[in-house]
Amino acid sequence: MGRSRVKSPWILHFDTGSCNGCDIETWALLTPRYDLERFGVLNEANPKHADVLLVTGPVTKKVEDRLRNLYAQMPEPRVVIAVGNCASTGSPFDDCYNVNGGIDRVLPVDVYIPGCAARPEAIIDGIVLGLRKWRERKFAAHDGTQPSKETEMQEASR
Amino acid sequence: MPTISVAPFGPQHPSLLEPIHLKLRLEEEKVVGADIVIGYNHRGLERALEIDYKRNVFLSERVCGICSFHHSTVYVQAIENIMAIEVPKRVRLIRTIMLELQRMTSHLLTLGHIAETMGYENLFMQTWREREDVMALIDRLAGNRVHYSMNTIGGLRKDLGYDNTKDIEKTLTELGPKLREIRNVFAKDSTFGKRTRGVGILTKDNARRYGAVGPTARASDVPYDVRLSSYAGYGVEGVKFRPIHREEGDCYARTLVRADELLQSVDLIMQCIDLLRDEPILIAAKGNPTGEAFSRVEAPRGELFYYVKAKGEIRLDRVKIRTPTFVNVQCLAEMVPNCQLADVPVITVSIDPCICCTDR
Amino acid sequence: MTQTNLPAKETTPQPAPKGPQVDIRTKVSRMDKVYAQLIAITAVDLGDGNFELIYSFFSKSELVNLRFTIQDGYEIDSIADMFPGARNFEREIIDLFGLSFKGVQGGLLIMPSSQIVAPLRKSSTPETPRTRAQKGVANADH
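Residue numbers (my numbering), protein chains in the order written: chain G, 637 to 794; chain X, 10 to 369; chain C, 10 to 151.
If we strip away everything but chain G, and leave its shape as in the complex, we get:
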């Protein structure tokens, strides 16, 4: 009975020093052509309400502490999605001195979305994958079970 109260996931989007190509493609998902809100996903600015952290950029030295801080403020279960080539591996900024080179040098990453800039379709794919992981963790945390096959089919067909 209690497990039906799983709310729709809220996304926190943070830019750690990217060229903003992927950020704008992420914003474009909110617009009518791609419309992410039909998945029940909301772009939320408060880290204490967020479930999914969507990060772009190769993590510059100045922004590193703020990223760790945001992650620490997010309640469990939480999922980290790295959007774009520079967030995933650090390239094309491998020769830049002020970057760490990829989100996974700083935080544990659950989903990597490649592309420079990552296409909106790829970002949607990645977010859906991330949401599936988040739901598994949510159910496991709630009552130790996995989501049923019907719930998974419902999610996949949206």
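Incorrect hints may appear among the rest.
[Stated by the list, open to error] No more than 27 Å apart at the CA atoms, straight line, and that leaves these computed lysine-lysine pairs for BS3-like:
1) Lys42(C) to Lys69(C)
2) Lys197(X) to Lys187(X)
3) Lys684(G) to Lys32(X)
4) Lys131(C) to Lys320(X)
5) Lys69(C) to Lys213(X)
6) Lys213(X) to Lys131(C)
7) Lys249(X) to Lys187(X)
8) Lys39(X) to Lys203(X)
9) Lys131(C) to Lys63(X)
10) Lys167(X) to Lys249(X)
11) Lys684(G) to Lys769(G)
12) Lys213(X) to Lys42(C)
13) Lys63(X) to Lys295(X)
14) Lys111(C) to Lys32(X)
15) Lys249(X) to Lys69(C)
16) Lys197(X) to Lys175(X)
Read the hints as simulated data drawn from the structure, not as lab findings. Please read these numbers as outputs of a predicted model, since none were measured by experiment.
Add chains X and C to chain G, keeping to what the hints say.
Just chains X and C now, kept in the frame of chain G:
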């Protein structure tokens, strides 16, 4: 004695796309001063650009995702200047077409962002919906929505064929009336006017002393537009262009300059398509560049300025990038005092800050 | 001569200007009188202990470049009182080249507490993700 409190604005804020930090000094709700802190996006690209001058064509694109083709064009122009390569007219016109298409996507982004900052969600959605049409067009022309990678030293890597130009004409003809409608909403809506007229004024003298560029300067009666220096297709005979400028210097003027430039871009693209003739699109470059050059381009936010010094090998001696927001962001210190706290997001977004460009 | 590393980050300028006096303000004030617009201040490391400063102005529809050669350690006059927009350029040059301007603090792009010092000098070799990978440094624990 009124107490002054300090409120932070940013670097992570719902109205901001990028990390910028403003330390606002407040007297009750009125802002009396602001310190601007940047550097969150500093990657160190000027050093990375010294490594390989050929790879830089693609690395310079990734300085910024919104004006990426402008960065690529200004860099390639600098190297072509050093190597004394004169590109064919067709290359100059196609570069202009792509530059103007990128300007349209950038201005539509900013107009939507300004609308969203004020709570006009519907207008934000409409503007970005039209933007998606332009992005889809660019995708069909270049193969990528954000980093076109069409430039190379000596010309272009990809041509625009007859089908492509027909596609551009069809898309822009359908888009024209919708863009005019968006422009009229910004010009005539009374709530928008109340929140932007007289807010965040930048005087003409301050605009010059701070070195403001782009729509931020042109809205303060400084008709400074680098397109008048006839780079790329703007110098081709038959392309007529006059910069748009207004006198008020407030957020309203900055928004309207961008909305009018949007319509001007459609006109410029159509002019360039009419002048296209059959010509080669690449002149092979021999050897490595030696020398220095200054190169300037009018990016959507203002003048983009590159200084490149080469010494005859793959490595470059110095690449200096001066982006428009680097100077425009300093103007915030003049615009923000004497405004209400609630106006700060609107003023910040009206100068169209591109912090990835500023910090490089 | 080129220095291999600068002394630990100090925010106070050098005690006395070394080398010949370079008069930047006179030429720049002439630009101010003709209502020119400052476009950029570029610093170039010439590799022999000297730096070139290029002040680019837009005056009467053309680009005007004023060039000055500065010796390392010289305290450069700031022009931020005539052109407030010059402040960011001067702060950036302090961060990236380790030069000093009278009355101007760095810290615009690189944090004072950072280990990266004057990264754009020819003599400095800042670490990048590529050099770290080549050295075989493992990913940081998280």
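For each hint, the structure was consulted:
Pair hint Lys42(C) plus Lys69(C) holds up; C-alpha atoms about 12 Å apart against a cutoff of 27 Å. For the proposed pair Lys197(X) and Lys187(X), the alpha carbon gap of about 15 Å is at most 27 Å, so the pair holds. Distance check on the hinted pair: Lys684(G) and Lys32(X) sit about 24 Å apart at the alpha-carbon level, within 27 Å; holds. Of the supplied pair hints, the one linking Lys131(C) and Lys320(X) holds, its CA atoms being roughly 14 Å apart against a limit of 27 Å.
For the proposed pair Lys69(C) and Lys213(X), the alpha carbon gap of about 17 Å is at most 27 Å, so the pair holds. Distance hint between Lys213(X) and Lys131(C) is unfulfilled; the C-alpha atoms sit about 40 Å from each other, more than 27 Å. This hinted pair checks out: Lys249(X) and Lys187(X) have alpha carbons roughly 24 Å apart, not beyond 27 Å. Our distance criterion of 27 Å between C-alpha atoms is met by Lys39(X) and Lys203(X), whose separation comes to about 18 Å.
Under the criterion of a C-alpha separation no larger than 27 Å, the hint pairing Lys131(C) with Lys63(X) is consistent with the structure, at around 21 Å. At roughly 26 Å between alpha-carbon atoms, Lys167(X) and Lys249(X) fall within 27 Å of each other, so this suggested pair holds. Of the pairs offered as hints, the one joining Lys684(G) and Lys769(G) holds, with about 19 Å between alpha carbons and a cut-off of 27 Å not exceeded. Taking the CA atoms of Lys213(X) and Lys42(C), the gap is near 16 Å; set against the 27 Å cutoff, the hint holds.
Restraint check for Lys63(X) and Lys295(X): the C-alpha separation of about 12 Å stays at or below 27 Å, so the hint holds. Proximity of Lys111(C) to Lys32(X) is assessed by CA-CA distance (about 24 Å); at most 27 Å being required, the pair is judged to hold. A distance of roughly 22 Å separates the Cα atoms of Lys249(X) and Lys69(C); the hinted pair therefore holds under the 27 Å criterion. Taken as a hint, the Lys197(X) and Lys175(X) pair is broken in the structure, with Cα atoms around 34 Å apart against an allowance of 27 Å.
When each numbered hint is compared with the structure, violations occur for hints 6 and 16.
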